[in-house]
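Just so you know, the protein sequences line up as chains A and B, in that order. First residue of the first sequence? That's 1 in the working numbering, and the numbers climb one at a time after it. First residue of the second sequence? That's 1 in the working numbering, and the numbers climb one at a time after it.
Do not rely on the hints blindly, as some may be mistaken.
As the list claims (entries may be wrong) - Calculated cross-link-like contacts (lysine-lysine; reagent style DSS-like; alpha-carbon spacing at most 27 Å):
| no. | chain 1 | residue 1 | chain 2 | residue 2 |
| --- | --- | --- | --- | --- |
| 1 | A | Lys33 | B | Lys30 |
| 2 | A | Lys33 | B | Lys33 |
| 3 | B | Lys23 | A | Lys283 |
| 4 | B | Lys23 | A | Lys33 |
| 5 | A | Lys23 | B | Lys140 |
| 6 | A | Lys104 | A | Lys89 |
| 7 | B | Lys145 | A | Lys8 |
| 8 | B | Lys89 | A | Lys89 |
| 9 | A | Lys33 | B | Lys111 |
| 10 | B | Lys23 | A | Lys293 |
| 11 | B | Lys23 | A | Lys145 |
| 12 | A | Lys23 | B | Lys283 |
| 13 | A | Lys137 | B | Lys77 |
| 14 | A | Lys137 | B | Lys33 |
| 15 | B | Lys145 | A | Lys23 |
| 16 | B | Lys35 | A | Lys33 |
| 17 | B | Lys30 | A | Lys137 |
| 18 | B | Lys145 | A | Lys9 |
| 19 | B | Lys33 | A | Lys23 |
| 20 | B | Lys140 | B | Lys275 |
| 21 | A | Lys35 | B | Lys140 |
| 22 | B | Lys137 | A | Lys30 |
| 23 | A | Lys137 | B | Lys35 |
| 24 | B | Lys35 | A | Lys111 |
By construction, these hints were calculated from the structure, which means they are not laboratory data.
There are 2 protein chains.
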Amino acid sequence: MNEFDYIKKYFRPLTGEISRDLKDDAAVFKQNKGKDLIISTDTLVEGIHFFGNEDPLVIAKKSLRVNLSDMASMGAKPIFYNLSLSIPKNKVKSFIPKFSKGLKEDQEKYKIELIGGDLTNSPSHINITITIFGETKTGKSISRKSSQNGDLLYVSGILGLSNIGLINFNNKSSSFNIAKNRYLLPQPRVELGLILNPLVNSMIDISDGLVQDATHLAVSSGLSIELDLKNIPIPNIKKINHNELLDSALYGGDDYELLFSCSPINENKIKKISKNLNLKITKIGVFSNYVDKYLIFKNSKKIPKDNSYLHF
Amino acid sequence: MNEFDYIKKYFRPLTGEISRDLKDDAAVFKQNKGKDLIISTDTLVEGIHFFGNEDPLVIAKKSLRVNLSDMASMGAKPIFYNLSLSIPKNKVKSFIPKFSKGLKEDQEKYKIELIGGDLTNSPSHINITITIFGETKTGKSISRKSSQNGDLLYVSGILGLSNIGLINFNNKSSSFNIAKNRYLLPQPRVELGLILNPLVNSMIDISDGLVQDATHLAVSSGLSIELDLKNIPIPNIKKINHNELLDSALYGGDDYELLFSCSPINENKIKKISKNLNLKITKIGVFSNYVDKYLIFKNSKKIPKDNSYLHF
Chain A
1 MNEFDYIKKY FRPLTGEISR DLKDDAAVFK QNKGKDLIIS TDTLVEGIHF FGNEDPLVIA
61 KKSLRVNLSD MASMGAKPIF YNLSLSIPKN KVKSFIPKFS KGLKEDQEKY KIELIGGDLT
121 NSPSHINITI TIFGETKTGK SISRKSSQNG DLLYVSGILG LSNIGLINFN NKSSSFNIAK
181 NRYLLPQPRV ELGLILNPLV NSMIDISDGL VQDATHLAVS SGLSIELDLK NIPIPNIKKI
241 NHNELLDSAL YGGDDYELLF SCSPINENKI KKISKNLNLK ITKIGVFSNY VDKYLIFKNS
301 KKIPKDNSYL HF
Chain B
1 MNEFDYIKKY FRPLTGEISR DLKDDAAVFK QNKGKDLIIS TDTLVEGIHF FGNEDPLVIA
61 KKSLRVNLSD MASMGAKPIF YNLSLSIPKN KVKSFIPKFS KGLKEDQEKY KIELIGGDLT
121 NSPSHINITI TIFGETKTGK SISRKSSQNG DLLYVSGILG LSNIGLINFN NKSSSFNIAK
181 NRYLLPQPRV ELGLILNPLV NSMIDISDGL VQDATHLAVS SGLSIELDLK NIPIPNIKKI
241 NHNELLDSAL YGGDDYELLF SCSPINENKI KKISKNLNLK ITKIGVFSNY VDKYLIFKNS
301 KKIPKDNSYL HF
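One chain only, chain A, in its complex shape (with noise of 0.2 Å):
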């Protein structure tokens, strides 16, 4: 099989109206009037976000669900997506039936469909890069530059799971089960993204870790975040003590959840979302004038170590 044949089996079948069947040199989108068109790109290069030996069912799902959950930080609701997948010849066969069932099934979970893309020989490792797009009411997406003075600041779920789990990826305790799966399989909050739409001031998903991108929020706001140490919701592992939790609450990336700041005034539309959906929200800090600090840690003995992920 060459890689028309591979298009053609294992990825024609996942395309809907727009792709043209992949028969044409591009996909296309008829515009519609009072909608915004939401645009994200994300990368994951074998060696650097996955092993490369996990099974690609997961390693599909993964490229999708990262993008997924910059839809989610936007407040869109996801449409479609395209995906460049450059991959070694001898890899081909056994990778690309699986990887494309995980996206068959991803597909169907969050109603969305591949409209193209390029299919490739890549000399050693396997690169996979997906834009996803999505859709507002015109001028309705979120971004992070709107906080104001006394929001609130909240965040979805648990912190520092992934990180663990990737840590921890080769220990064969079942204490680490739950860390391992997040880490191969983010939650992306789409429909938590969209509830939130009409409620929030800024928003962001957490993929470099809550300090990192709790900083985006504060800086292109232009104000602090007071960030309150003893609310951050960590794991419950025992085999690991509280400092080491909250490092990767603080600093572990990959942990896809939302965070977004709105007024005091909808505390408790934020309560009944978190009942709704039975997903965690907890409020973890506030925001002020800025004076000379972006974040501001309150209630720590001592700064915690920053090993924020930088890919130079």
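Keeping the supplied structure of chain A fixed, place chain B upon it in accordance with the hints.
This is chain B only, laid out in the frame that chain A set:
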């Protein structure tokens, strides 16, 4: 400098309003009534699509231009693009400044802007994925499938140059300069694609060789193409015999010329366009009802050897 510094210094200056200054998790594009958005993705991999020791400025332009060529073949006006660059740490410093300069020059030439993307580390080679976006009026993009029985087949420019440039890349003779330059720097026929839009029935850009791409047109339209081998526009390079030149024209990749079908009633209009743009446009075949072959070679003593490029 970390990746955020590189993005701020080298990529943010390439962006406009849609990008939100690269400060949010996604770009935001306001949709327009009565317009289609045309979307295409092409990846260039070091060691597969480029050597790696070219000037990064040239690699940037090639990356954009192969994508622009897809807009040309759809008869669409390119408007913006996003970029994912995966690059080994030790190449960042020498590569990114020149690469972004190449993007800048071609952005100005083709009147497009960057809207976002991803910048990541790579364990070995460089991987560049660009998704390009263009516009047409609703329903007015060109597909591969609407050729009619009796249509003429035309091609722009000269075929095979890029392949000859690649094969002779290390040959010092100045006879190969034009060919080598064409391999490095494709000339996407964006303006021609826009002018042809109302006249043609189907169109494709030649990226995989004339034979392969003409076959795509024939198969998509369910017709045969009789290809007149006497009329194929081949380069004039004295060091290479006619048969080799014809092989490159038929099977060599990376030409990025436009191959299109139109009714014979447009013959004079096509001649006038060719003259106005000072660009060779050659009639090389005729469409007829499919009997048993999609492609029929006319004026050919032997069927040239097939060395079409396949990734797998």
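Results of checking the hints against the structure:
| no. | hint | verdict |
| --- | --- | --- |
| 1 | A/Lys33 x B/Lys30 | 8 Å, holds |
| 2 | A/Lys33 x B/Lys33 | 5 Å, holds |
| 3 | B/Lys23 x A/Lys283 | 24 Å, holds |
| 4 | B/Lys23 x A/Lys33 | 26 Å, holds |
| 5 | A/Lys23 x B/Lys140 | 17 Å, holds |
| 6 | A/Lys104 x A/Lys89 | 23 Å, holds |
| 7 | B/Lys145 x A/Lys8 | 17 Å, holds |
| 8 | B/Lys89 x A/Lys89 | 25 Å, holds |
| 9 | A/Lys33 x B/Lys111 | 24 Å, holds |
| 10 | B/Lys23 x A/Lys293 | 19 Å, holds |
| 11 | B/Lys23 x A/Lys145 | 9 Å, holds |
| 12 | A/Lys23 x B/Lys283 | 24 Å, holds |
| 13 | A/Lys137 x B/Lys77 | 25 Å, holds |
| 14 | A/Lys137 x B/Lys33 | 14 Å, holds |
| 15 | B/Lys145 x A/Lys23 | 9 Å, holds |
| 16 | B/Lys35 x A/Lys33 | 10 Å, holds |
| 17 | B/Lys30 x A/Lys137 | 9 Å, holds |
| 18 | B/Lys145 x A/Lys9 | 20 Å, holds |
| 19 | B/Lys33 x A/Lys23 | 26 Å, holds |
| 20 | B/Lys140 x B/Lys275 | 25 Å, holds |
| 21 | A/Lys35 x B/Lys140 | 21 Å, holds |
| 22 | B/Lys137 x A/Lys30 | 9 Å, holds |
| 23 | A/Lys137 x B/Lys35 | 17 Å, holds |
| 24 | B/Lys35 x A/Lys111 | 24 Å, holds |
Violated hints for the displayed structure: none, as all numbered hints are satisfied.
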